[in-house]
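J.: Spelled out, the chains give:
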Amino acid sequence: MTILVVAEHENGAVAPATLNTVAAAAKIGGDIHVLVAGASVGGVAEAAAKIAGVAKVLVADNAAYAHALPENVAPLIVELAKGYSHVLAPATTNGKNILPRVAALLDVDQISEIVSVEAADTFKRPIYAGNAIATVQSSASVKVITVRTTGFDAVAAEGGSAAVEAVAAAHNAGISAFVGEELAKSDRPELTAAKIVVSGGRGMGNGDNFKHLYALADKLGAAVGASRAAVDAGFVPNDMQVGQTGKIVAPQLYIAVGISGAIQHLAGMKDSKVIVAINKDEEAPIFQVADYGLVADLFEAVPELEKLV
Amino acid sequence: MKVLVAIKRVVDYNVKVRVKADNSGVDLANVKMSMNPFCEIAVEEAVRLKEKGVATEIVVVAVGPATAQEQLRTALALGADRAILVEAADELNSLAVAKALKAVVDKEQPQLVILGKQAIDSDNNQTGQMLAALTGFAQGTFASKVEVAGDKLNVTREIDGGLQTVALNLPAIVTTDLRLNEPRYASLPNIMKAKKKPLETVTPDALGVTLASTNKTIKVEAPAARSAGIKVKSVAELVEKLKNEAKVI
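If you're matching them up, the sequences are chains A and B in order. If you read the first sequence in my numbering, its first letter stands for residue 1, the second for the next number, and so on. If you read the second sequence in my numbering, its first letter stands for residue 1001, the second for the next number, and so on.
The shape of chain A in the complex, shown without the other chains:
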């Protein structure tokens, strides 16, 4: 059994999500190969070769693979997939964008967002916004899977010494083109990888009030998230959204401030180790999942919390 892991990378570095995906591959068992596709990705390939447990790194370095356009990258993976038992990618926006296209071209069903490996062909995944866990068995010749990164502890980024091999295949469908991107800038840790997450909801009142959360987050070395209500109200950009339709996080500590705790939000954070809720409505559903709840006005509680930690 040999497993192909599609690496997530950005700005010439391997993204942390790749390490969780390699961990899922290790649970399945067998040789692990990592595919690095992109433009000028020699450095990424070298970094990928150092990941613990990786046997081989395949590098597809071609301008057509820049920005991971699925129309070009999917045929590349399909061509390589024939020799593998499993193709895995992290359930990031890139992985979710590309892998179903791969699965359909291979004429197999995909298994999305697995959270555990039961056997080489059997996996668990949440459905209905995390309100049920399905155990799914695949009879596909090549099992195409996206991995929920919070379900697996990352493997070490150093310590491996895999061989690096170039892949000549160049696929350019010529039906799509990258125009531009607007990336939100942040000095804080990445939301999905942070050990502590402080999130604000509609109770924050406006975008300016998020400064209280930023101050607290900076003191804790935490990332800042938000509920859909806060994003829809325009308080913060959408890439901060935690929930079924946003990012899935599972930090050591999750502090929910002014968040009622709708099903869709809980789907994104209820696997956090410790959940703290600060809300002035003591009936708010968030208190049903919180380990520590504080019924208080957030505008008094948050600055006080910042002082005390």
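Watch out, some of these pointers could steer you wrong.
In silico BS3-like cross-links for lysine-lysine, where the CA-CA straight-line distance does not exceed 30 Å [claimed, not checked]:
hint: 1; chain 1: B; residue 1: LYS1233; chain 2: A; residue 2: LYS195
hint: 2; chain 1: A; residue 1: LYS307; chain 2: B; residue 2: LYS1241
hint: 3; chain 1: B; residue 1: LYS1052; chain 2: B; residue 2: LYS1196
hint: 4; chain 1: B; residue 1: LYS1016; chain 2: A; residue 2: LYS124
hint: 5; chain 1: B; residue 1: LYS1197; chain 2: B; residue 2: LYS1002
Hint data in this document are derived by calculation from the structure and do not stem from the laboratory.
Following the hints, complete the assembly by docking chain B onto the known chain A.
T.: Using the frame of chain A, we list chain B on its own:
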């Protein structure tokens, strides 16, 4: 241009579902069903394209049980021109749905197909991408903005770090994200008018599609419950608990 919109009948998003005692699935008896929220956004986007004079006809399609006619009627009331129901068993896998939609695309020849990014029941996030693969069309997933510019489609996509814009050749597939638009409500006169709009029912056999799947759900369980927490009285007590009891800060 002709626009095809795919919709799905799902458990209403406000319902907290329960797992069946025999672990065969979730209990959907007597539970409120609705159009998947992302599909509502897809219908709205098609209607707005028609209002701008870009779209000439909107065909809405569902692959599922006969009861999905209700959701097709809702889409017709929102502004779709006609509907197609591919009548099949409930709980099909995404690839089977994508194959049925591919057959409809072949027949209808739309220039643009709009789907939701994911259904809130299976949470798969696959069908749009799979349909793009089967048709060979370009895909603009997780769209927060869609603009037709000549023979291209500019799609702004919600990605992990922010926003990305891609230009796609037409015909193309778009899947909607939450912030693409705010869906309208159907007015009573439009609901009445929708009852007279054409709704065609076809079978997968008639489309020449087999719905076999390589995935099998063995078991559905309730997630592990969190143990009950406590309420603290003050911020000082909270900090004390986090430091000494939970040891997370």
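J.: What's the verdict on A:LYS307 and B:LYS1241, does the C-alpha distance respect the 30 Å limit or exceed it?
T.: 16 Å, holds
J.: Under the criterion that the straight-line Cα-Cα distance not exceed 30 Å, is the pair B:LYS1052, B:LYS1196 satisfied?
T.: 25 Å, holds
J.: With the threshold set at 30 Å, check whether the alpha-carbon distance from B:LYS1016 to A:LYS124 stays at or below it.
T.: 20 Å, holds
J.: Would the hint linking B:LYS1233 and A:LYS195 be met if the CA-CA limit is 30 Å?
T.: Holds, because 25 Å separates the two Cα atoms, which is no more than 30 Å.
J.: Next pair to validate is B:LYS1197 with B:LYS1002; report whether the Cα-Cα distance is within 30 Å.
T.: At roughly 17 Å apart (the allowed maximum being 30 Å), B:LYS1002 and B:LYS1197 satisfy the hint.
Checked against the numbered hints given earlier, this structure breaks none of them.
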